[in-house]
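Q: Residue numbers (our numbering), protein chains in the order written: chain A, 7 to 89; chain B, 21 to 218.
Don't read these hints as lab results, they were simulated from the structure.
Just so it is clear, the structure is predicted and the values come from calculations on it, not from any experiment.
A hint or two may mislead.
[As the list claims (entries may be wrong)] Cβ pair distances, simulated, as ranges:
no.	chain 1	residue 1	chain 2	residue 2	range
1	A	77	B	124	17 to 27 Å
2	A	12	B	95	47 to 57 Å
3	A	28	B	95	22 to 32 Å
4	B	98	A	12	22 to 32 Å
5	B	95	A	67	16 to 26 Å
6	A	16	B	168	18 to 28 Å
7	B	91	A	45	47 to 57 Å
Ideal Cβ placement from N, Cα and C applies to all residues, glycine included.
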Amino acid sequence: MTVTCDQLEMLLPEFFDGALTAEQEAAAADHLATCTDCRTVVSELEGVSSLSRTHGRLVLPEASRNRIRAALGLDPPPSDTPA
Amino acid sequence: MTFAISLVAVRPFTSPRAVPSGVMDDTLNTTTPTPSVAVLFDQFADGVYTLGFRIVGDRHLAEDVVQETFIKVLRSLDTYRGDGPIAAWLYRIGYREAIAATRKRRETPLDPDEMLEADDRQVTSVEDAVLAAELTRRLDAAIARLAEPLRSAFVLRDIEQLSTTEVARALDVSASAVKMRLARARQALRVELKEYLA
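With the rest of the complex left out, here is chain B (with noise of 0.2 Å):
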């Protein structure tokens, strides 16, 4: 069964507007205090997660990743000094442990299928999850087979709705390696998931 998508014929050929980091909202932005771990936890927990599976390939490990970063949210949350998105602060660190946990992930080939379970996915309904089942298997499959600096930039920008430049701090590299990254990431997701796309 194929899900198919028509863009065409909803979307006018227009420049969209800047997407907002969807991510934070206006309470997180560096003219407010800093918010507390348990407000940063609800808001990112399941970034992590995402960014962290993504990353390592494995689930339990994915989970010890946002506990990781949160410990370290924790405890080093004080020396947080404002200059810049809390965001990208927090997802740099996650993005570090993800790295780490690499190391410890088995050697056994990514499967998604096997890896995830329902309650990892948001889903609405019976129906939606019955259309998406197949959709969501090639885009995982599709996801964990890009370069990892590839990966990384797509899931903080077009998952988690990062912008650019929050990436680009979170993963420390420049907002043009950022650019590269997710044109080469999107065009192989583009390839492999072509007959969605239709």
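Excised from the complex, chain A in its bound form (with noise of 0.2 Å):
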């Protein structure tokens, strides 16, 4: 099995799950290993992905998470520090 740019473009949903099968998986290994604009369009999205999952996440301010126990009736945060 041999793929085209387009073609891996259709399965990059799946790549990118690791839902290929392995039929799928070798072609598109193939490609890539061949292919200089397909490597960089896959290396992107990875970048993409992996920007986001680092940079994209945001912490509850302390305050806020408190209040929020607070007002849901849940116990306090265990301290950081033992007793």
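Take the two lone chains, each set in its own frame, and fit them into one complex as the hints suggest.
A: Right under this line is the structure:
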């Protein structure tokens, strides 16, 4: 099995989900080994996911976390420092 | 200043293995007892806050989304039947709350710089903060410019690390729709963030 650039693009959702069949995965790897353009695209799309994973997540501010916990009637979180 | 990453040099071009749901752990699958609200809050509050902010674009309204989401979780957890990942069930509530909150949002242009504070961000050092400042500003702006259906799918899949199936359940759409939205979102962000991806 071989794939073209357009066909590889169609496979990218499954590629990034790790859901390609063995045959598709082999064909994708073969194509990427020889196609600089597709290699760049895949690398950049992986970069988007990687950057988003590392820089896109927010942390609920501590004061807000404690306020919401209290509003929900939840016990305060355990202290970081041992008693 | 650019913050380049070089994936080409360090990563082989093989299909990545299936990404496990980063916000799920083995204690939160359907074969174990339903966790308490406190456990769910500790595990998902940041994720719901992230989803809320990315949809609503306002830090305070995003906090309201978190609170309203977990009030509903508190009231309805005993009705959760374990018929799917609890992350998807919980984010579905959060997503609906975020959409409802957008109706309350004042009609002003989204400006992530003004709406985020330093303690909203996970950074490990001053150097990291400096290096990441421009990147995060650009990333925030680029995500904010995505159309909402693309944005929510992207946030849940690529930031919160839910599986495609879980995202589909959370957004009440098909897996195919999620894949299409993700492809479009990633492509748009690839264009916007190209200088950081070299």
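Q: What hints, given by number in increasing order, does this structure fail?
A: Of the numbered hints, 3 and 4 do not hold.
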